[in-house]
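Enquirer: With the hints as constraints, model all of the structure from the sequences given.
With our numbering as the guide, the letters of the sequence shown map in order to residues 1 to 698.
The hints are simulated quantities; they were obtained by calculation from the structure and are not laboratory data. Treat the numbers as computed from the prediction; the structure is a model and nothing was measured. Errors might be hidden in some of the hints.
Claimed, not checked - The calculated PhoX-like cross-link candidates involving lysine-lysine, where the alpha carbons are at most 25 Å apart (straight line), are:
no.: 1; residue 1: Lys-583; residue 2: Lys-595
no.: 2; residue 1: Lys-70; residue 2: Lys-146
no.: 3; residue 1: Lys-146; residue 2: Lys-52
no.: 4; residue 1: Lys-146; residue 2: Lys-370
Said to hold, decoys possible - Just the calculated beta-carbon pair ranges, DEER-fashion:
no.: 5; residue 1: Ser-194; residue 2: Ile-22; range: 46 to 56 Å
no.: 6; residue 1: Asp-115; residue 2: Gln-74; range: 44 to 54 Å
no.: 7; residue 1: Arg-134; residue 2: Arg-114; range: 13 to 23 Å
Just so you know, even glycine gets a beta-carbon here, dropped at the ideal spot from N, CA and C.
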Amino acid sequence: MSYAALVEHHRFLYRLRHIEAIASWDEMAMMPDRAGEARAEALAALRGQIHKLATRSELSDWFAAAAEEKARLQPWQQANLREMEREWIRETALPRDLVEAMSVAELRSVQAWRDLRRQNDFGRFLPFLTEVVRLKREAAQAWGEKLSIDPYDALLDGFEPGLRDESMAPLFARLREFLPRFIQEVCERQARESVTTLVGPFPVERQRWLAAEIMRHVGFDFRRGRLDTSHHPCCGGVPEDVRVTLRYREDDVVSTMTSALHETGHALYLQNLPRAWLDQPVGSPRGIGIHESQSLLMEMHVCRSEAFLTFVAPLMAEAFPLLAERMPNTFRPQELARQLTRVRPGPIRVDADEVTYLCHVQLRCEIEKKLIDGSLLPRDLPEAWDQGMREWLGFSTRGNDRDGCMQDVHWPVGLFGYFPCYTLGALAAAQLFAAVERVLPHVRERIRDGQFGDLAAWLRENIWSQGSLWESRDLIERATGLPLGTDALERHLQRRYLDVQDMATTNVLSRGLDDGGAPCRLRPRVVVQASPDLLVFTDKDVALNVDIELGDGTGLDLVVGGVACAQINREIPSATDVVEVLKAAALLDEGLPLKEVRRRQSLFQLRQLLDFVSTEIPYYQAQPVFTSLSLLSLEDLRLLPIMKKADVRKHFLKLVPRDLDVSAALAERKMGLLATSGSTDERLQSLVGREVGTTPEA
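Expert: Structural data, given as structure tokens:
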């Protein structure tokens with residue numbers, strides 16, 4: 001029963017950490033200025049008691065006995081035991097007096113930082129930072145010796161279990177190669193474009209209202225959380241009581257909006273962790289890298305998209321009605337998108353665009369490694385910062401430490417090893433959102449309509465509800481099908497800022513020539529995603545989705561709308577095959593009116609549906625009286641035999657899109673209950689969600 005004892009032990013620790021988390025938030029957002037010293041001592045005492053309990057002598061015997069029980073535990077319990085032991089090893093590596101000393105030093109440091117940063121006074125802040133660095137180096141050394149790893153790796157491991165500097169080095173190297181050239185190209189391009197900048201004032205109370213409305217629409221549960229104000233935007237608390245803080249400037253509503261989405265990404269992760277495991281280590285967020293992937297997905301991929309800005313523009317006009325009345329074009333989605341995708345190197349990380357943000361993080365990663373290995377002393381930090389900023393972003397911060405090395409809360413509060421998790425999060429966010437769009441090709445349309453349920457459901461299933469069940473690398477690969485890399489991020493940036501299609505798609509289309517010998521071009525509203533083995537074409541005008549799987553030499557596998565399958569039986573897939581499919585689906589830019597495009601695509605979907613039916617439904621297998629190739633018009637459906645009711649019932653779910661909410665479709669009269677009666681064309685009408693025999697209106 002030693003595993004059961006460990007469960008009860010961690011349940012009690014969770015209760016104490018609940019109090020610690022709320023007290024820490026209160027210190028940041030609500031505590032009076034002169035209460036700092038008493039709060040520092042109180043939190044240090046609490047953390048000392050938590051450490052004492054987390055290292056109690058019985059735990060060694062409990063873990064030894066639990067190891068013998070492991071084979072009888074359920075998979076989630078085995079993962080829980082793994083996380084318990086990981087936490088115990090880290091706790092036992094540090095003596096209690098070091099834990100308490102770090103707590104006091106970090107709280108005194110951050111309290112001094114809040115005042116001295118405003119005064120641009122690094123000299124007076126230096127003694128506080130020096131003490132934090134000294135103690136953190138001592139802790140890193142102790143953790144490293146316990147885990148037999150480098151001290152800086154020991155710090156990384158505390159934020160993202162299993163993360164090592166060596167594993168991140170190739171990813172960082174690729175970004176160092178990619179970013180400077182990319183930034184230069186984007187800046188040169190945007191220099192030729194005009195952009196309308198939002199001009200305030202934007203009253204703080206109205207900004208706060210706007211932030212709360214955005215959070216509510218995206219899914220933040222205010223019954224289990226709250227929004228407050230602090231010097232630095234952050235998200236804290238516990239899953240049952242999530243605390244978000246923002247900072248506001250009357251001249252900048254954009255930062256409020258992006259920060260609100262960023263912190264809400266964190267908050268949604270916390271609020272949607274597995275309820276049954278909440279008081280156990282396996283119910284915790286996987287790590288800071290995964291945590292940041294959720295915040296950066298919401299900030300960079302959702303908030304800065306034209307789809308989201310189309311949704312939020314009316315809310316902005318409601319928040320600032322006088323401005324909207326005086327300048328009616330101020331909140332046009334296209335203008336907002338231009339502003340939020342403007343690449344402007346600047347000094348402040350939290351205000352940075354999504355491209356230069358990565359450079360800010362890289363600079364901090366390089367500097368903090370040197371602070372921990374001792375090759376850089378805290379007193380030399382301003383000079384090192386200025387040098388790095390000139391190298392990465394091309395300008396100097398000399399004499400402006402407030403917006404230079406003092407701008408972040410991380411180092412004052414001792415969070416060394418945190419910054420690489422932002423890079424990990426950015427890479428994971430891009431890879432996750434690309435996976436979302438593959439599975440939910442219409443997710444941007446849903447976001448445009450203010451419907452975030454589909455996105456949240458996917459994240460809940462693949463990330464939030466998993467807690468710490470999996471190691472980070474396994475969690476990402478299970479969710480996206482690929483190991484973590486830079487490809488998805490690079491593709492996202494190139495598409496958003498340079499309108500570059502994926503290279504694989506560009507090559508396929510440029511090799512496939514139409515009858516006139518010119519390269520084939522897609523219709524303007526067709527969006528393309530590509531990977532080495534998959535092309536996904538989505539016609540946003542008519543919600544047609546075509547997946548072309550570039551297989552192992554057996555042909556092109558086609559999936560239309562997530563349901564209907566067919567195959568071009570050629571031994572080696574060619575660009576010509578792809579172009580044939582695109583022509584059949586009316587995806588190519590041939591100057592067709594939208595009405596004709598819809599007619600052709602309706603026919604195309606039915607053809608693929610029939611191919612699927614003829615291979616999956618026994619009735620058609622036994623009586624192959626019809627082939628999709630003979631389908632020349634919608635009226636030809638009369639040639640089909642009557643489909644048996646039992647076959648329709650049995651295979652109904654295979655015949656509708658995987659992401660279709662049948663109940664909602666019925667309620668909205670987008671689907672009729674004709675699947676078990678009537679003629680074949682009526683049954684197909686219910687399956688494909690359109691009226692057979694008529695042409696949809698343009």
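Enquirer: A separate judgement is required for each hint: does it hold in the structure or not?
Expert: Each hint, compared with the structure:
Among the hinted pairs, Lys-583 with Lys-595 is consistent with the structure: their alpha-carbon atoms are about 16 Å apart, no more than 25 Å. Taking the CA atoms of Lys-70 and Lys-146, the gap is near 24 Å; set against the 25 Å cutoff, the hint holds. For the given pair, Lys-146 sits about 18 Å from Lys-52 by alpha-carbon distance, which is consistent with the 25 Å threshold. For the hint pairing Lys-146 with Lys-370, the CA-to-CA distance comes to about 22 Å; that is within 25 Å, so the pair holds.
At roughly 48 Å, the beta-carbon separation of Ser-194 and Ile-22 lies within the given 46 to 56 Å, and the hint holds. For the pair Asp-115 and Gln-74, the beta carbons lie near 51 Å from each other, so the given range of 44 to 54 Å is met. Between Arg-134 and Arg-114, the C-beta spacing of about 21 Å keeps the proposed range 13 to 23 Å intact.
Of the hints listed earlier, there is not a single one the structure fails to meet.
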